[in-house]
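Colleague: Now for the letters of each chain:
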Amino acid sequence: GESVGLHLPTLSVQEGDNSIINCAYSNSASDYFIWYKQESGKGPQFIIDIRSNMDKRQGQRVTVLLNKTVKHLSLQIAATQPGDSAVYFCADTGYSTLTFGKGTMLLVSP
Amino acid sequence: EAGVTQFPSHSVIEKGQTVTLRCDPISGHDNLYWYRRVMGKEIKFLLHFVKESKQDESGMPNNRFLAERTGGTYSTLKVQPAELEDSGVYFCASSQRMGLLSDEQFFGPGTRLTVL
Numbered sequence: 001g002e003s004v005g006l007h008l009p010t011l012s013v014q015e016g017d018n019s020i021i022n023c024a025y026s027n028s029a030s031d032y033f034i035w036y037k038q039e040s041g042k043g044p045q046f047i048i049d050i051r052s053n054m055d056k057r058q059g060q061r062v063t064v065l066l067n068k069t070v071k072h073l074s075l076q077i078a079a080t081q082p083g084d085s086a087v088y089f090c091a092d093t094g095y096s097t098l099t100f101g102k103g104t105m106l107l108v109s110p
Numbered sequence: 001e002a003g004v005t006q007f008p009s010h011s012v013i014e015k016g017q018t019v020t021l022r023c024d025p026i027s028g029h030d031n032l033y034w035y036r037r038v039m040g041k042e043i044k045f046l047l048h049f050v051k052e053s054k055q056d057e058s059g060m061p062n063n064r065f066l067a068e069r070t071g072g073t074y075s076t077l078k079v080q081p082a083e084l085e086d087s088g089v090y091f092c093a094s095s096q097r098m099g100l101l102s103d104e105q106f107f108g109p110g111t112r113l114t115v116l
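Protein chains in written order, with my numbering: chain U, 1 to 110; chain W, 1 to 116.
Worth double-checking, as some hints may not be accurate.
To be verified - Only some residues are given here: those of chain W computed to face chain U with a beta carbon under 10 angstroms:
| hint | residue |
| --- | --- |
| 1 | Gly3 |
| 2 | Phe7 |
| 3 | Tyr33 |
| 4 | Tyr35 |
| 5 | Gly40 |
| 6 | Lys44 |
| 7 | Phe45 |
| 8 | Ser53 |
| 9 | Asp56 |
| 10 | Gly59 |
| 11 | Asn62 |
| 12 | Phe65 |
| 13 | Ala67 |
| 14 | Glu104 |
| 15 | Phe107 |
| 16 | Gly110 |
Claimed, not checked - 30 angstroms max Cα-Cα, derived DSSO-like pairs, lysine-lysine:
| hint | chain 1 | residue 1 | chain 2 | residue 2 |
| --- | --- | --- | --- | --- |
| 17 | U | Lys68 | W | Lys78 |
| 18 | U | Lys71 | U | Lys37 |
| 19 | W | Lys44 | U | Lys56 |
| 20 | U | Lys71 | U | Lys56 |
| 21 | U | Lys71 | W | Lys41 |
| 22 | W | Lys41 | U | Lys42 |
| 23 | U | Lys56 | U | Lys102 |
Treat the hints as calculated values from the structure; they're not laboratory data.
Note that CB positions come from ideal geometry on N, CA and C, so glycine has one too.
Working from the sequences, and respecting the hints, build out all of it.
Modeller: This is the structure:
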């Protein structure tokens, strides 16, 4: 698939703040997107997904926004906690495989 | 239920040597995927098994990489001979069903390969 990229490589926030991680995708045919969280020493872990027929989806403390017009995806984390510190990847998926962006490291300081 | 496991967690070898990575998917998952992340770059798809068959190997970088999944259970990824640019983290993932966009892929912890 085509590449999916991230705007910011590192995001530093204070505990309790809201975090926003952004992602741009290039394949206008992409119709399903996933955010993954990767903690040190672990593999990517599914956070939340969204289909192209939606523009917003909420989970527990996380919200994903999709703007198909500008091919932009964002992950919002409310009341960021130290345990949220990790690398976050967006990915789009075709039939079965995943195309990942480069990742954004989120650093949460107490 | 055990998750996806990978062995070894780390491997350090010299250029020209051979390394074999192993992945044990979640029991009952027919789909098994290999990905790798080279330093500073994004995670890239390598190949996809459905049971013992290679469904898609379009991401395999060259013929120095050989993946197998005999019996449709665990999988191995052999690199022979290893080159410096093969260094990175190799992830394995498994999923239960194919063709459904919401079928979650569960990732293993990865094998960090360092080629000196």
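Colleague: Decide, hint by hint, whether the structure agrees.
Modeller: Tested hints:
1. Below 10 angstroms, beta-carbon pairs count as interface contacts, and W/Gly3 has one with chain U at about 9 angstroms; its hint therefore holds.
2. The restraint placing W/Phe7 at the interface with chain U is violated, with a minimum CB-CB distance near 14 angstroms, outside the 10 angstroms limit.
3. Interface hint status for W/Tyr33: upheld, as the beta-carbon distance to the closest one in chain U is roughly 7 angstroms, under 10 angstroms.
4. Hint on W/Tyr35 holds. Least Cβ distance to chain U is approximately 7 angstroms, under the 10 angstroms limit.
5. Hint status for W/Gly40: holds, given a least beta-carbon distance of 8 angstroms to chain U, under 10 angstroms.
6. Interface hint status for W/Lys44: upheld, as the beta-carbon distance to the closest one in chain U is roughly 7 angstroms, under 10 angstroms.
7. Contact between W/Phe45 and chain U, as hinted, is supported at the beta carbon level, the nearest pair being about 5 angstroms apart and thus within 10 angstroms.
8. For the restraint placing W/Ser53 at the interface with chain U, the shortest Cβ-Cβ distance is roughly 13 angstroms, beyond the 10 angstroms limit, so the hint is violated.
9. With 10 angstroms as the threshold, the beta carbon of W/Asp56 comes within range of chain U, its nearest partner Cβ sitting at about 6 angstroms, so the hint holds.
10. The beta carbon of W/Gly59 comes within 8 angstroms of a beta carbon in chain U, closer than 10 angstroms, and the hint placing it at the interface holds.
11. Because the smallest distance between the Cβ of W/Asn62 and any Cβ of chain U comes to about 19 angstroms, over 10 angstroms, the interface hint for this residue is violated.
12. Contact between W/Phe65 and chain U, as hinted, is not supported at the beta carbon level, the nearest pair being about 16 angstroms apart and thus beyond 10 angstroms.
13. Checking W/Ala67 against chain U by beta carbon gives a least distance of about 14 angstroms; that is not within 10 angstroms, so the hint is violated.
14. For W/Glu104, the interface hint holds, the least distance from its beta-carbon to any beta-carbon of chain U being 5 angstroms, beneath 10 angstroms.
15. Annotation: W/Phe107 was flagged as interfacial toward chain U, and the flag holds, the nearest CB pair being 3 angstroms apart, inside 10 angstroms.
16. Hint status for W/Gly110 relative to chain U: holds, with the closest Cβ pair at about 5 angstroms, below 10 angstroms.
17. Restraint check: the Cα-Cα separation between U/Lys68 and W/Lys78 comes to about 40 angstroms, which exceeds 30 angstroms; the hinted pair is violated.
18. In summary, the hint linking U/Lys71 to U/Lys37 is supported, as the alpha carbons are separated by about 21 angstroms, within the 30 angstroms threshold.
19. Only pairs whose Cα atoms come within 30 angstroms are accepted, and W/Lys44 paired with U/Lys56 is accepted, the gap being roughly 27 angstroms.
20. Straight-line distance between C-alpha atoms of U/Lys71 and U/Lys56 comes to about 14 angstroms, which keeps the hinted pair within the 30 angstroms bound.
21. For the given pair, U/Lys71 sits about 21 angstroms from W/Lys41 by alpha-carbon distance, which is consistent with the 30 angstroms threshold.
22. Between W/Lys41 and U/Lys42, the direct Cα distance comes to roughly 17 angstroms. Compliance with the 30 angstroms bound is thereby established for this hinted pair.
23. The suggested pairing of U/Lys56 with U/Lys102 holds, with an alpha-carbon distance near 23 angstroms, which does not exceed 30 angstroms.
Figure legend: structure checked against the earlier numbered hints; hints not met, in rising order: 2, 8, 11, 12, 13 and 17.
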